[in-house]
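Novice: Grab the two chains, each in its own frame, and use the hints to assemble them into the complex.
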Amino acid sequence: MQAANANIAPADTTDYVTVFVGETMFGLTIDRVHDVFVPAGITPVPLAPKEIVGLLNLRGRVVTALCLRRRLSLPDREAGAAQMAIGLEQTGETFALIVDGVGEVLKLGAETHEPVPINLDPRWRDISLGVHRLDGRLLVILDVDALLAFGEAGRDAKVA
Amino acid sequence: MDDLLREFLVESAEHLDTVDAELVRFEQDPNNQQILRNIFRLVHTIKGTCGFLGLPRLEALAHAAETLMGRFRDGYPVSGASVTLILATLDRLKAILADLEASGTEPSGSDDDLIGALDRMSSEEAPAPAPAPVAAPAAVVLPPPVERELKPGEVSLDELERAFLEAPGPDDFALEPAPAPAAYAPAQEPARELPAFEMASDMAAEEAPEPAAPRASAAASGPAEGGEGAIAKAQTIRVNVDTIEHLMTMVSELVLTRNQLLEIARRHEDSSYKVPLQRLSHVTAELQEGVMKTRMQPIGNAWQKLPRVVRDLSAELGKGIELVMSGAETELDRQVLDVIKDPLTHMVRNSADHGIEATNERIKAGKPARGTIRLSAYHEGGTITIEIADDGKGLDLAAIRKKAVERNLAPAAEIEKMTDAQVAKFIFHAGFSTAKAVTSVSGRGVGMDVVKTNIETIGGVVDIATELGRGTTFTIKIPLTLAIVSALIVKAGAQRYAVPQIAVLELVRVDAKGAKEGANAIERINGAPVLRLRERLLPIVTLDGLMRGQATVEEGEVVESGFVVVAQVGRQRFGVLVDEVFHTEEIVVKPMSSKLRHIPLFAGNTILGDGAVVLIVDPNGVARLVGQSAQSGAAAESEVEEVETGDAKATLLVFKSGAGGFKAVPLSLVTRLEEIDATKIEWLGGRPLIQYRGRLMPLVPADPSIPLRSEGSQSLVVFSDGDRAMGLVVDEIVDIVEERLDIEIAADRSDLIGSAVLRGRATDIINIAHFLPLAYDDWARGPRKTTTKAPSLLLVDDSAFFRDMLTPVLKAAGYAVSAAASADEALKTLLSNPSIDVVVSDLEMPGRSGFDLVGAMRKAGGRLAEMPVVALTGTVGPEAIEQARSLAISDLVAKFDRSGLLAALSEIGEPALASAA
Chain A
1 MQAANANIAP
11 ADTTDYVTVF
21 VGETMFGLTI
31 DRVHDVFVPA
41 GITPVPLAPK
51 EIVGLLNLRG
61 RVVTALCLRR
71 RLSLPDREAG
81 AAQMAIGLEQ
91 TGETFALIVD
101 GVGEVLKLGA
111 ETHEPVPINL
121 DPRWRDISLG
131 VHRLDGRLLV
141 ILDVDALLAF
151 GEAGRDAKVA
Chain W
161 MDDLLREFLV
171 ESAEHLDTVD
181 AELVRFEQDP
191 NNQQILRNIF
201 RLVHTIKGTC
211 GFLGLPRLEA
221 LAHAAETLMG
231 RFRDGYPVSG
241 ASVTLILATL
251 DRLKAILADL
261 EASGTEPSGS
271 DDDLIGALDR
281 MSSEEAPAPA
291 PAPVAAPAAV
301 VLPPPVEREL
311 KPGEVSLDEL
321 ERAFLEAPGP
331 DDFALEPAPA
341 PAAYAPAQEP
351 ARELPAFEMA
361 SDMAAEEAPE
371 PAAPRASAAA
381 SGPAEGGEGA
391 IAKAQTIRVN
401 VDTIEHLMTM
411 VSELVLTRNQ
421 LLEIARRHED
431 SSYKVPLQRL
441 SHVTAELQEG
451 VMKTRMQPIG
461 NAWQKLPRVV
471 RDLSAELGKG
481 IELVMSGAET
491 ELDRQVLDVI
501 KDPLTHMVRN
511 SADHGIEATN
521 ERIKAGKPAR
531 GTIRLSAYHE
541 GGTITIEIAD
551 DGKGLDLAAI
561 RKKAVERNLA
571 PAAEIEKMTD
581 AQVAKFIFHA
591 GFSTAKAVTS
601 VSGRGVGMDV
611 VKTNIETIGG
621 VVDIATELGR
631 GTTFTIKIPL
641 TLAIVSALIV
651 KAGAQRYAVP
661 QIAVLELVRV
671 DAKGAKEGAN
681 AIERINGAPV
691 LRLRERLLPI
701 VTLDGLMRGQ
711 ATVEEGEVVE
721 SGFVVVAQVG
731 RQRFGVLVDE
741 VFHTEEIVVK
751 PMSSKLRHIP
761 LFAGNTILGD
771 GAVVLIVDPN
781 GVARLVGQSA
791 QSGAAAESEV
801 EEVETGDAKA
811 TLLVFKSGAG
821 GFKAVPLSLV
831 TRLEEIDATK
841 IEWLGGRPLI
851 QYRGRLMPLV
861 PADPSIPLRS
871 EGSQSLVVFS
881 DGDRAMGLVV
891 DEIVDIVEER
901 LDIEIAADRS
911 DLIGSAVLRG
921 RATDIINIAH
931 FLPLAYDDWA
941 RGPRKTTTKA
951 PSLLLVDDSA
961 FFRDMLTPVL
971 KAAGYAVSAA
981 ASADEALKTL
991 LSNPSIDVVV
1001 SDLEMPGRSG
1011 FDLVGAMRKA
1021 GGRLAEMPVV
1031 ALTGTVGPEA
1041 IEQARSLAIS
1051 DLVAKFDRSG
1061 LLAALSEIGE
1071 PALASAA
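Protein chains in written order, with our numbering: chain A, 1 to 160; chain W, 161 to 1077.
Simulated from the structure, these hints should not be mistaken for laboratory data.
Be aware that one or more of the hints could be misleading.
[Stated by the list, open to error] If you anchor each label on the Cβ, the simulated ranges turn out as follows: (1) 35/A x 744/W: 27 to 35 Å; (2) 163/W x 122/A: 48 to 56 Å; (3) 403/W x 135/A: 48 to 56 Å; (4) 91/A x 163/W: 23 to 31 Å; (5) 105/A x 654/W: 33 to 41 Å; (6) 24/A x 409/W: 36 to 44 Å; (7) 618/W x 149/A: 29 to 37 Å; (8) 29/A x 402/W: 49 to 57 Å; (9) 122/A x 566/W: 46 to 54 Å; (10) 666/W x 91/A: 35 to 43 Å; (11) 498/W x 22/A: 45 to 53 Å; (12) 502/W x 111/A: 53 to 61 Å.
[Said to hold, decoys possible] Calculated cross-link-like contacts (lysine to any residue; reagent style SDA-like; alpha-carbon spacing at most 25 Å): (13) 750/W x 655/W; (14) 750/W x 39/A; (15) 750/W x 43/A; (16) 651/W x 769/W; (17) 750/W x 90/A; (18) 577/W x 849/W; (19) 50/A x 656/W; (20) 750/W x 59/A; (21) 750/W x 46/A; (22) 50/A x 758/W; (23) 750/W x 92/A; (24) 750/W x 44/A; (25) 750/W x 34/A; (26) 750/W x 87/A; (27) 562/W x 959/W; (28) 651/W x 758/W.
[Stated by the list, open to error] Per the computed footprint, the stretches of chain W lying under chain A, defined by three or more beta-carbons under 8 Å from a beta-carbon of chain A, are: (29) 408-419; (30) 749-756; (31) 759-770; (32) 773-784.
For each residue, glycine too, the CB sits at the ideal point set by N, CA and C.
Isolated chain W, as found in the complex (with noise of 0.2 Å):
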């Protein structure tokens, strides 16, 4: 292929991107007699250098095209169907020159219907006589007539010359003497253009019938505006992508080569060279700021495309969208643009397809029938934001959560914690919503972990804000430039690392004798290591660990003081311990070899100023290894961790409330930890009360003798249940540990399980059963459990709440205790295992009620017919109590009645358990 063509090939590829955005902006701006006459110049650019080169195709397509628009210069009303007639012409342009790059021929073939359709189209009359035109008709437009008639490639020779002579631009076209009444001249028949018409509507799809006009307002960008393109375009020159890259590497050389003089010069007292030196250094940097922005491109050239898409699905899914472009001009660099390129378009597509609702929803909403999609850029610090924004339905996140837990991607108490931006986020997860169920609600997502992979190879972030029926905004956070980052260079053993600053929230210091000083000091579950970060924990790994190939710290190899570098990758934070943080430097990153490339933990490597290699740590790749070793990811969200029934250790959370003394509850039944302001706290009738997460949260002190703080902060441990929330006001949360449970029942205190022995210290083991009634009167309404007793107790209660508070008082009271969480559950469980003894029930539960159970029970005959059941109940009422003893149940206990539950099981126990054992 000759130069010539190739070059043809590069400018009319770019050509047509332009008339094909500059086309949809035509559409609702017909009057703008800029912007057709860039058109028109665009497209006769493309036709002349067709008859030039020999591609007959090509230039009978243009120039049918091309008189159509002579028409609209005219006066003609621009109509949908006519600019989608257009647009299927210049794909079909561009798909001939597709074949034309691949073979280096034109390919054969006809192009009759469209130039056919064109050409009806233009021969036309308009319904109205339009206003006279302020140029005159444009010459390139010949009768019709007499064009149909001759072969389209013969056709525009003479006219093609005339063109050419005409050249450089339209501007030209207006001083030409016209041949003016040849535009009117298929007046005559009128008739048979109606047809043709009607042909025209049809080649455009699906185009309904009065196909929705995506009002686009490009920005201005490329080298769209006014007739002085021409001359613009003298000004540049076409430099070849590896051309530049070559240059930047130089450069990048040349700024290291001149960092380590700059070093060499700060050790040596002869100045002689300095001032050359200083010389150096002031150009160097001028070159890398040039080359770098040679490198630069408008994020509008990443854009071009989408107002076509948008216009193209709006009239495919027959909704009315707009499209609006604000901040086309900010630059970055063209690697980065490359990689965003297509997740922006697929996100755009993604908020016209599943965000924007249809035009009577959003009608019957009381929206604008026409439905926005916002897309905005800016620079905000040495990062670039973009912002996708649309007014639809919003993404449905009670659904979301259902599919997560149901997909089984996280555990279904986790989930219920998150916050609606951490729920958002699931939609990135592979093959999330393609599944049916939340596609027909909610929609989202399709190729979205795609779009989200594509953002984070190049360090980037995607976030997402969004309300039910408002509409949804995804802003992604990019680096400017890839070759150049900004990074903080740390020590982690004998070496150094480059830490990418995008990732780092920030930086903490360790010791280990701050422990006792109340400053930051990392504490050990089960040898995890673990900080304590504003009443969250982090989990920690050494980056000296992860060199040495193991996620996790392991006792005795304690690196206990240092800088703990807290980083956040998606929706995981962790913090990375080093020895020492020296300082943030600039630096060129340069990628791995090819032998190292598999390593995740490395994005690269760069020379300091000092002349040494150092690895460039990828945040993303410790994150990954975060996650895969123990269960330090799942912390990192939740600070809360599963407790194991049976013998396994308890993990406590552990507070000082009244007189100094320190009590526990398992962490499992808290929610949160938090630390508010105590000027919050409201009473509304003789109750303390906060705000909280858009709902208002009973405060209920954790010892009557805690006086409620008026002023500075109050510590609060927030338990939830389904949607209730209970803030227990404590002293100070002192600490979280592992331990055995060996739990003393306590003295007759409903306010405490027991006391147990934690870190030496006596701690008293609170019973949540006790505060929540003080919170809620009605708590007991809600979910239920069983416990069984001695040997083998089996508990059923749907609340794992519940489960979770009465397994300790049980356990305490010497039974063996499983639990089921559904009646269903609960009989299989009885079936399979022979050694259950009794049963604890709640009777109120969703599906199988408990008396269900009890009555499956009975008729299962043989053992379990006879098994002893104790029913918890919120209200004991006489019909319930009619219906218990028709199922021979043992006892019927409140709920919140330790004791009673207690002395129930003690009672029945001597004769049951004695015959079980």
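Just chain A, same shape as in the assembly (with noise of 0.2 Å):
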């Protein structure tokens, strides 16, 4: 249905790589992700921030896996549950974002975009670009960037 959005006006259009966490849908530019996988193995690493679930190997490299949930201050997914995990770059490190799974890739212009609503929580706010209004369902637009800036407040806590 949003190909149909797509040949319309092809020059506006992102694709977005979709996820969810809980019933939640939350969209990630298609040329920040690198990877799908599915997490195993992962390393807790002790002392570190509590978004950082740990490491884990990813074809030989070491990747800093990092859970969404946890960046959203929601609570953990159940012992068990299924996972998957979104593979991202920045400035020539690789982290993992771990979601309760991934949907299809969507290519969205900008007719459906909406600023960021303000009476969202600011944890997310901070981390959104906008949403999408779909069909029968709302897509938040994760910022990847601001996403993978934690730690830096909470290291002075974390030391201590």
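Specialist: Structure representation (structure tokens):
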């Protein structure tokens, strides 16, 4: 259905990889997504910021796994629940964003885009770029750089 | 900037560095045509390329320098001044190159000063007819008068033309039909040349009249050797460092993948792919080795600048310094090389500046006038060792100790007990010797903290050996490479960790049940776990606890068995308790994510053969945490703990002596515990002695019934006060306990203070005061102290030892004891604390004596004028008695007369105390 939109205004559209956390659907611009994989063998890192669930081996590279739920201050998923990981890259480092599930890739134009509602929780607002109105549901677009900009503030507290 | 220029910059910078080093060598060995030809060729190359690229300033300078060097080839004597001048020219060249690199164009400016000086020196006549040069004078030497008339840029053009034709090397020059008389052309103007020479000298900064020429025997390194350099060059290519780094990363990953494949193959019976896998494994290993090799560079690359540095310093300071280098060909990882380059330069500079004495001092001390700095490097296991040794004045350890006490770097008592090597390491404290006090005496250490930090960041260690008047040797041990290290894989909690082997001293198995069988077991002091290891106490942290953010182990969650990884970082030793130890593995170190880099516990992470990611524990980080929490850091070194006065608990050392009885002594009095070889005991004048730390130490049995062993090992408890030490012979050292001390005064035995119940066992608390005079008749003459009785007593004695010794005695007698270390401190206490009823004071104290104290008290009037005083003295003479009487001192008691003191106190006691109460 979205493909129709794309044909009409190809210049204005952006591709988003959709991911799920609970019932909410989030979108990540596709050019920031390097991988989609099933995370396994995560080594927890003691004393790390709470968002970081650990390190994992992605084809010989050590990748820092970060949990979107914890980043959004949501409760952890139940033990044994399915999880997926999105490989993101920032300044030469690879991160794995742990989510509940990964959906299809959507091509969306500016006409469905809305700014972030001002009544959104500030923790969400800070890492959102906007919202797309889709049929029957909303898609929150995540700002990858803002998503990965954590830990700085909590650093001092951690060390102490 | 075009590629050509960039390449020129890189190449020229290298050439200039080589020329620097070679020139210094050449100055020592002016007849070595090989070196000269090499220098000549390099300068010539620079000149030629400059002309080609259109850089007139560089070209003119290089040309002038080359001309002068051409004269050296002709046999013109090499003087310090001329070398200094050429070195100055090279510095100018470097400065211009730096500008060129920054701006892309040659900076404007004039080099006439240098060129003029060079030319004048070139045209100066040789003082004595030089021996006929083997090689004909170089074609490049133009008659200087001609050159002087032309502008720098133009002159060399036709000459350059020729130079290019003559390329590639100096060997060709020799074959050239030479315009022989050229070099001697300026002979007509000898008078004019003289001032020129002076000018050249001026340029050499503060060159001494007879420039001290450092003899630098640079090792054969770099492209420097021989005329074949040109050929060798063609066989090397320049590769961008990033390319190599990338290659290294890829190979590391290949190694990991290979490891995983091997792991899988091990689990499968199917052998069809075992052979190709074997081959893959083989090739990978070779590839890894090959790539590692490309990263390896001879350490000489980091040393290249040092001869020049030492030469300049030597001239500047007016000291003769010789730099001897060996092992320059020792290879190490590029990354490591980069990190140690600056610290090495700094340390050599320090040795030259502060280590080596001025020439006249050296002569006075009967040493050779020239100081020597020896720089050497060699491989040792997986590490490389670099030594920087000077034969200078050595570190003044006494001054360092003093300074360390002043700066409060450690408790004074602890510093006193430190070994020389430990004390020397104080120079690595930030800002330690920048202060004048130490600089004027020993001088070392400006920026040494930075040196140490740099070395430690790459997992290296620095050690110092120094001998006053003989010199200092710094030993640096660093890993060969940072990329792959040997690590111990351990398990703590549910996780595995890698601990770099370089920090691990040993592994000790501990078991909760071991305690009874005499095996290793973890004990606790107020909950803090410690391990007794060869009669030293090692503070223990559990890795699992650290990972949960607590550096101390809480009672209850006790893991009593497992392995203790004994680690040493700097002078701190500690044990890390882990659940299991697997094996050692060569791991590829990967940096921590930027999000996790702030956690001090980890140095990086790696992927093991089974594909799992494990964290690499950073021993430095752990050491810092251990040091922060509790005082376990200090305990690691001195195993002496503070016994608190007042009602707090006392820590006691429990031992067995005679008839199986338990005895104890306050741990704060104990200097060390020793296990000596009984055959080392010597008898002098019927008394047993051993040689201990370069001195004779008398041995005294803790119980007359203990026979001194004649074979096997003998346990000793060492007590020391100032320079003196005594060994108390005991049967066995049992335990260290911390308990509230409730002493019951013993019957009439001077060797015991009393007895107490420790850990449910009746234990005699020994009176060290009884034993000291047995070792030294005059021990009492040193420091002294004062006690105050009943409700409150002030004990004044300058010796901490005697204060510690008498305090329990007086407490046992029912007094609340406060202590003062000097008359001044005592007065202050007396004025501020009205509850004090009686003073016990030593009479012989440095500064104000006990009499002075009492005099001051009497003058102060009021309460103090009336206060009873008991004086302690080593010698009771009529004069002292007279003076004591005049000051209304209640009693004079001999220093070790414990019962006399108590009797005197109880005598004054009743009325005084009654009124106080």
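Novice: Now look at each hint and say whether the structure bears it out.
Specialist: Going through the hints against the structure:
At roughly 33 Å, the beta carbons of residue 35/A and residue 744/W sit within the given window of 27 to 35 Å. The beta-carbon spacing between residue 163/W and residue 122/A, approximately 52 Å, falls within the hinted interval of 48 to 56 Å. The hinted window of 48 to 56 Å between residue 403/W and residue 135/A holds, with their beta carbons roughly 51 Å apart. The given range of 23 to 31 Å is respected by residue 91/A and residue 163/W, whose C-beta atoms sit roughly 28 Å from each other.
Checked against the hint of 33 to 41 Å, the C-beta distance between residue 105/A and residue 654/W comes to roughly 38 Å, which is consistent with it. For the hinted restraint 36 to 44 Å between residue 24/A and residue 409/W, the CB-CB distance of approximately 38 Å keeps it satisfied. Distance hint check: the CB atoms of residue 618/W and residue 149/A are about 30 Å apart, consistent with the given range 29 to 37 Å. Remark: the range hint 49 to 57 Å for residue 29/A to residue 402/W is contradicted by a beta-carbon distance near 29 Å.
One distance hint, 46 to 54 Å for the beta-carbon pair residue 122/A and residue 566/W, holds here, with the actual separation near 53 Å. Checking the proposed 35 to 43 Å range against residue 666/W and residue 91/A shows it holds: the Cβ atoms sit about 41 Å from each other. For residue 498/W and residue 22/A, the hinted distance range of 45 to 53 Å is satisfied, since their beta carbons lie about 49 Å from each other. At roughly 60 Å, the beta-carbon separation of residue 502/W and residue 111/A lies within the given 53 to 61 Å, and the hint holds.
Restraint check: the Cα-Cα separation between residue 750/W and residue 655/W comes to about 18 Å, which is no more than 25 Å; the hinted pair holds. Proposed proximity of residue 750/W and residue 39/A is supported: the alpha carbons are some 20 Å apart, at most 25 Å. A threshold of 25 Å between alpha carbons decides the hint, and for residue 750/W with residue 43/A the separation of about 15 Å falls inside it, so the pair holds. As the CA atoms of residue 651/W and residue 769/W are separated by approximately 16 Å, the hinted pair is consistent with the 25 Å bound.
With a CA separation close to 17 Å, the supplied pair residue 750/W and residue 90/A stays within the 25 Å bound. Between the alpha carbons of residue 577/W and residue 849/W the distance comes to roughly 20 Å, so the proposed pair stays at or under 25 Å and holds. Only pairs whose Cα atoms come within 25 Å are accepted, and residue 50/A paired with residue 656/W is accepted, the gap being roughly 20 Å. Restraint check for residue 750/W and residue 59/A: satisfied, since their Cα atoms lie roughly 14 Å apart, inside the 25 Å limit.
Pair hint residue 750/W plus residue 46/A holds up; C-alpha atoms about 17 Å apart against a cutoff of 25 Å. As the CA atoms of residue 50/A and residue 758/W are separated by approximately 14 Å, the hinted pair is consistent with the 25 Å bound. Taking the CA atoms of residue 750/W and residue 92/A, the gap is about 13 Å. The hint holds against a cut of 25 Å. Between residue 750/W and residue 44/A, the direct Cα distance comes to roughly 16 Å. Compliance with the 25 Å bound is thereby established for this hinted pair.
About 21 Å separates the Cα atoms of residue 750/W and residue 34/A, which keeps this hinted pair within 25 Å; it holds. Proposed proximity of residue 750/W and residue 87/A is supported: the alpha carbons are some 18 Å apart, at most 25 Å. About 17 Å separates the Cα atoms of residue 562/W and residue 959/W, which keeps this hinted pair within 25 Å; it holds. Proximity of residue 651/W to residue 758/W is assessed by CA-CA distance (about 23 Å); at most 25 Å being required, the pair is judged to hold.
Look at the stretch 408-419 of chain W against chain A: 3 of its residues bring a Cβ nearer than 8 Å to a Cβ of that chain, three or more, so the hint holds. Restraint check on the stretch 749-756 of chain W versus chain A: 5 residues with Cβ-Cβ distances below 8 Å, three needed, restraint holds. Coverage of the stretch 759-770 of chain W by chain A holds. Counting CB-CB distances below 8 Å, 7 residues qualify, and the rule asks for three or more. Counting residues of the stretch 773-784 of chain W whose CB lies closer than 8 Å to any CB of chain A gives 3, so the stated coverage by that chain holds, three being the minimum.
When the structure is compared with the earlier hints, a violation turns up for hint 8 alone.
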